[in-house]
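Protein chains in written order, with this note's numbering: chain A, 1 to 398; chain B, 1001 to 1344.
Among these hints, one or two may not hold up.
Said to hold, decoys possible - Restricting the straight-line Cα-Cα distance to at most 16 Å, the calculated cross-link-like pairs of lysine to aspartate or glutamate (EDC-like) are: (1) B:Lys1274 to A:Asp317; (2) A:Lys316 to B:Glu1270; (3) A:Lys316 to B:Asp1320; (4) A:Lys354 to A:Asp184; (5) A:Lys191 to A:Glu212; (6) B:Lys1051 to B:Glu1061; (7) A:Lys214 to A:Asp184; (8) B:Lys1111 to B:Glu1012; (9) B:Lys1232 to B:Asp1248; (10) B:Lys1274 to B:Glu1182; (11) A:Lys13 to B:Asp1158; (12) A:Lys313 to B:Glu1270; (13) A:Lys354 to A:Asp315; (14) A:Lys26 to B:Glu1182; (15) B:Lys1034 to B:Asp1320; (16) A:Lys313 to B:Glu1266; (17) A:Lys13 to B:Glu1338; (18) A:Lys244 to A:Glu293; (19) B:Lys1254 to B:Asp1301; (20) B:Lys1254 to B:Glu1229; (21) A:Lys313 to B:Glu1258; (22) B:Lys1093 to B:Glu1182; (23) B:Lys1035 to B:Glu1061.
In short, the hints are calculated from the structure, not lab data.
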Amino acid sequence: MATRDVANSVNLKNTILQGVYDQNLKIKNDPYEPNKNKTSRRGKPVSKILILVFFAVVLFGVWQVHTGNIAMDEMDRVAADPAKAEESSSIGPLPAVAAETSESESLSFFPIPKQVSYVMGLIDVSPSVEFNTDRLLDYSLILNNEAVRVSSVFGLDVRTIVVDPGHGGKDPGAIGALGTMEKDIVLDIAKGLKHNLETSGRRYNVMLTRDEDKTMSLSERVDFANAANADLFISLHVNALPQKRFNVTETYYYGPPSDAETLKLAEQENKGSGISTKEFENMIRKISNTFKEQESANLAMDIQHSLFTNVKKYDKDITDAGIKIAPLVVLLGVNAPSVLVEISCITKKTEELKLNMQAYREEITTFLTQGTMRYLNRRNLHVFEGEENGRKDRKKGS
Amino acid sequence: MAEKTVKKAAEEMLIAGIDLGTSRSAISAINGRKKWVESYVGWPKDFIARKVIGAPILFGEEAVNRRLSLDLYRPLQNGVIKEGTARDEEAVKELIHHLIQLVQSKNDDRKIRAVVGVPAESLKVNKVALKKAVAEYAESLFVVSEPFAVAYGVNALDNAMVIDVGAGTVDFCIMHGTVPSEDDQRTVLTAGDYIDQQLFSFVEERYPDSDFTLNMIRRFKEKYSFVGEPQKSVKVDIPVNGKATKHDITEEMKRACESILPAIIESTLELIAKFDPEYQDEIRKNIVLAGGGSQITGLADCLQDALSEYGPSKVNVVDDPLFGGADGALALAQDMPEEYWTDL
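Let the hints inform the model, and build the full structure from the sequences given.
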């Protein structure tokens, strides 16, 4: 009996080890760069090719020395008539660039002509390129570098937060089966969020785009936030889905749509924006604003994380639609980092019932506050890549 | 076969099991050495910091202590390497290299064979990136999910469930005599870090004038965490206007620690309910609690009580939560047949 147990145990382990092996073999077959240090069977042909290429290069150099100045002649010819040379070239504007070759370079054993990256256009990748000190003053190196958190580099702080309860007045937003209106729910939650942030002890100036049931165009909301010199903009919404059984939470920041559904949502939310073409052009210029994008993404991440993980306790079937990028005009127009939160789905009846309860709305408000505070804490603490490590007194802004 | 592998390995290879955690990473090697480090990697911010620190890179507690001079990374913070963040991938690579160096003797140039346990979600999302990160330092390696490594280590291979309560995630894994598929695993994000945040805000709310950091809060949690009825009150020293003052944080500790319970209970029940009904009772009686969070006083009992409403249940805690994953990964590595290593 004991022998059979041992045999079963061994069989079980063998099955599992085989499974681990199969799983990892699948990963191995994914296209990634193989281990450079490894002398695998796969590596041998590559080494052979490299050796052949090396010999070819050496032979080519020797041939050049023995055949005189053929390459130099060719370059001279190119310098004299780049247009003609271009005609004879099958790879584009190389001769034109070769014309810039200096005399000292052409006298070297292997003259290195200036190179052009044909993939990136006219970007000089010559190894002999001089370091341009002007680049030290080029802020685009920071502003367009996704790896650098701009708010940390410049020590940017948050003073004014604008909370935007979506819809209002004549525009009820989504309406649930029981008649609950999106505009009322988000207004109540927005007021709670304002209160929570104001009493967080950090002296934030929190403003609401509307604190009553009134109609506001998207353009007015954008103007309000910009006039208030908002440092953060949080727009609150409740979702409506044709599939009444589903409950979803998601958070958006500005960018090209990630899918067709997102584009549809953008159309809905942008309706009657009241924004002129000229104003839209100005907005478009802001698209490459790395700072805004980085901070919007971080804010969206923290809010979505807090909202979903907590709301899931109330509705285990709720779907985490995650952070989405969408061309929502209200997010583009506001100068500050901005997000639009779709809290949950009013079209699911049980969710609508809960949204009608004051206690549940307060909970939602707490989750939104937690997410926002988490973002603010990490930002104020000069945190790198999501790490919280600073001191509380610094967080207090002292 | 396994014996042959071990013999060969002792001579030519250094076999190791690595547990790459969101908060702590551990390594357990065939030479008997075991080491762990907090999963922090920091690079000096500039050349001045580089000169002051005197090293090109710091790890673990040392990195946390010198954080103001460093670009500090915790690469698997939420259980996954953020996509497109090359620095996080680099941090994983450096962390693994560091762990390997910790168990290598001087002049030991043996090649490494490793089984690496990673958070379940990360295995799903970042398997290629992880493999790439480890590949540079290992001759051959396997990547598995952390809870699976734990299960292998404690021999909970059939009709069992492992709940790995980590810092960034709680990973659930049902074992049924084969490698668990994605359907057999769940990840919940309300874990140790979430308790820290909750405790921070609760203590801040109650003692607004006290001066403390998240690191202090984390240390309080590691020392005094509990769920259920408190065995004694939790009193900690926190400075107020520069003077160390006793603070009673019993209620705050309880609230913060219990905040992760609903999600754990719900996910456990959900995962068991999806399993073959004939074996559900057996799984409920064979639950293993692992990870740093398994050290929360009363957590296993609380979970067992909650599950008992659905039938007889038994929740056991692994003997060594810090090295449970690494030891399991090492056991896997030792049992792995030679030809599997060669093929990879």
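Subject >> Indices of hints not satisfied (ascending) >> reply: 3, 6, 18 and 22
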